[in-house]
Amino acid sequence: MSSSSTAVGEMKFGDHLCLPYDNDAERYAVLLAYIRDGLRSQHKIVYLAGERRPDETLARLVRATSDPDQAAVLTGAAETGQLAIRPVVEATGRFDPGESPALLGMEIERALAQGYAGARITGETSFTLRGRFDEFEDRCQVTFGAPGVRAMAVCQYDRRWFDDAQLRRLEERHDGRVGVNAVYADDVLTITPLYTPPGLRLAGAIDESTLSAVQRALREVGGRGSHLCLDLSALEFCDMEGLRVLTRASQSGTGIDRQVVLRGVPGYLGLMMRIYGWEGMPGVFVEEAVR
Amino acid sequence: MNGLQGYTPGTETKGERGILLHRALMYGSEHDFADVAVPYLREGVKAGDAVVVITSGARTALLRERLGAEPAARIEFIGQSDWFKGPMQALADYYDRTHRDWWPRGRLRLLTEPVWTGRTPLEVQEWKRHEAILNVAFAGTPSTFVCAYDTSALDPHIIVDAAHTHPELVDIEGVRVSEHFVDPAEFYAGCNAPPLIPPPAGAARRAFASGELPGLRAFLSTESMRHGLPEGRVLPFVLAVNEVATNIIRRGGGTGAVWLWTEGDELICDVADPGRPMEDHFLGYLRPRPHQPGSAAMWAVRLLCHIVEIRSGDNGVLVRMHLKLPRPPRTPDHRP
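Residue numbers (the UniProt record's numbering), protein chains in the order written: chain A, 1 to 291; chain B, 1 to 336.
Just to be clear, a hint being listed does not mean it is correct.
To give a feel for the contact side, a few chain B residues facing chain A, derived at Cβ under 10 Å [unchecked claim]:
hint, residue
1, Tyr95
2, Ile158
3, Ala203
4, Arg205
5, Arg206
6, Ser210
7, Pro236
8, Asn242
9, Thr246
10, Ile249
11, Leu283
12, Leu286
13, Ala300
Calculated cross-link-like contacts (lysine to any residue; reagent style SDA-like; alpha-carbon spacing at most 25 Å) [claimed, not checked]:
hint, chain 1, residue 1, chain 2, residue 2
14, B, Lys85, A, Gly148
15, B, Lys324, A, Met273
16, B, Lys324, A, Leu271
17, B, Lys324, A, Asp175
18, B, Lys324, A, Gly267
19, B, Lys85, A, Leu271
20, B, Lys85, A, Arg274
21, B, Lys85, A, Gly277
22, B, Lys324, A, Arg274
23, B, Lys85, A, Met273
24, B, Lys85, A, Gly270
Just so you know, these hints were derived from the structure itself, not from any lab.
Heads up, the beta-carbon is just placed ideally off N, CA and C, and yes, glycines get one too.
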């Protein structure tokens, strides 16, 4: 699994990204951020849903957010039409890879005519399953790649429905993948959530300037379960305090001990753990990086 | 004959399991060496101790011959040059092997012959300090360290300091208390007494404060490679300097500076904290325990470097790290 993806918060007009997901936590973390950013920017959200009844789709989105304020915002936007949920079958009548992108073009035009600053499209796997999605996505690339287009799209793909070769072909028909927003990012360190297994990916450097961000992120993932995976494969530097915090992440703030897996531990960190005698910390399993 | 009046090796293993014995074996000839060493080792084998010999190939051959095959087979012989690479590495290796291999078998009975020839004056100084630290690092452990000194070959100051750093002396006359033994903390302080010569005018310099360590690390990487440090050793070096700098930011004066230069076959890096002195009580020499962080950072710094010197006083702290370069540096020495 490669890590190169565009954070949903970084998306801009013209982007046509795919969201291959294998769990709903990751999927909705991206989608809810995508919709929230759109609503704030006065974009119209066009959601092509698998269900026939839009209220079911809305209920699903509302359930996915833990934030009551955002739930209210979603419901309100659905009422005003800023969040337009279109059952795929109703939107297109049938799935025609030649015709559907044209309908998307009309949706974008309509959004702009309604006075919105732009359009954010997202569609669920089910509609692409019904047809020749390769052709559909190729046409979408043309639609969203047009100069000056004031729209963007996120295509949701349930990984379980596709084999690796199909997923690769799909990804090639997009500008890339969209991923969750980092929980922390500066010039030195980026921390992004992991969902399968739950945890954090730390990329860059942990030093005196970024240690408190690491501690905060570890505290905040505390409630997410009995296992925690820390992907360190892109951690280029980590000082002693940082290593101490990582090797003690099994002791969560809530007092409930959790099993921590340190994944992709770079060679220098293995060396430092040996020097400090921090190998075999209880509750910590170390997977050294493959060289 | 064993010539060991007053030396009763059979008794030291009984009821004294937690007592460290640290003795300098003074010998003037190979014959004298063997006369003291062979009974000492034989007694250990007989008592079921973990018996370990760290000496030269020639001494090993002599001991094997004099001991006989059967006792020798129960002794672990370690090559002198394999063990005494650096004073800090040897200390860490002692910690590792005693805990992992030796003490689980019983009392450790060690015979070593440290290497003194071919050392720089600084290295000789640090190996003397190493002998003083053994008294503290292994205090209260079931260990006997007998360190052999060839009085006919070594510089007199090495023999004099052996009497300062070993609580007991042993020779063919027997064991006696070293009257010149110096409290290890005092010996340690004495090693830190001479001031360090300031960096040469051409040394690369960079100041740092909180939030500036990423830039400092980039500077250290570039400069150390430019001075000939192999790529694979750059990150350990940067880790070491970063720890010292972090300590200055967190617990010291808050800001500092580094200087980097080469001298002979060494890369030298100074880290200075003009703001605040630092307590140096065997700082970084005693192995950190998992639940007692203490001076863990400085332990790592020492292990990541060849030799680390610390000077602390009213003018703040200076930490000088020495790293061995694999070959003469490509850039000329800046020292005038």
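Against the structure, the hints come out as follows:
1. Tyr95: holds (9 Å)
2. Ile158: violated (30 Å)
3. Ala203: violated (24 Å)
4. Arg205: violated (21 Å)
5. Arg206: Interface hint status for Arg206(B): violated (16 Å vs cutoff 10 Å).
6. Ser210: holds (6 Å)
7. Pro236: Pro236(B) check passes; min Cβ-Cβ to chain A is 7 Å, inside 10 Å.
8. Asn242: Where the cut-off is 10 Å and the nearest Cβ of chain A is about 6 Å from Asn242(B), the hint holds.
9. Thr246: Thr246(B) check passes; min Cβ-Cβ to chain A is 5 Å, inside 10 Å.
10. Ile249: holds (6 Å)
11. Leu283: It is violated, given that the least Cβ distance between Leu283(B) and chain A is near 15 Å, above 10 Å.
12. Leu286: Since the shortest Cβ distance to chain A is 12 Å, the answer is violated.
13. Ala300: holds (5 Å)
14. Lys85(B) x Gly148(A): Cα-Cα ~67 Å, so violated.
15. Lys324(B) x Met273(A): holds (23 Å)
16. Lys324(B) x Leu271(A): Holds - the C-alpha atoms of Leu271(A) and Lys324(B) are around 19 Å apart, at most 25 Å.
17. Lys324(B) x Asp175(A): Given pair Lys324(B), Asp175(A) is violated - Cα atoms ~49 Å apart, limit 25 Å.
18. Lys324(B) x Gly267(A): Holds, because 21 Å separates the two Cα atoms, which is no more than 25 Å.
19. Lys85(B) x Leu271(A): Holds, at about 18 Å.
20. Lys85(B) x Arg274(A): Cα-Cα ~19 Å, so holds.
21. Lys85(B) x Gly277(A): holds (21 Å)
22. Lys324(B) x Arg274(A): holds (22 Å)
23. Lys85(B) x Met273(A): holds (22 Å)
24. Lys85(B) x Gly270(A): holds (22 Å)
Consistency with the previously given hints fails for numbers 2, 3, 4, 5, 11, 12, 14, 17, ordered from lowest to highest.
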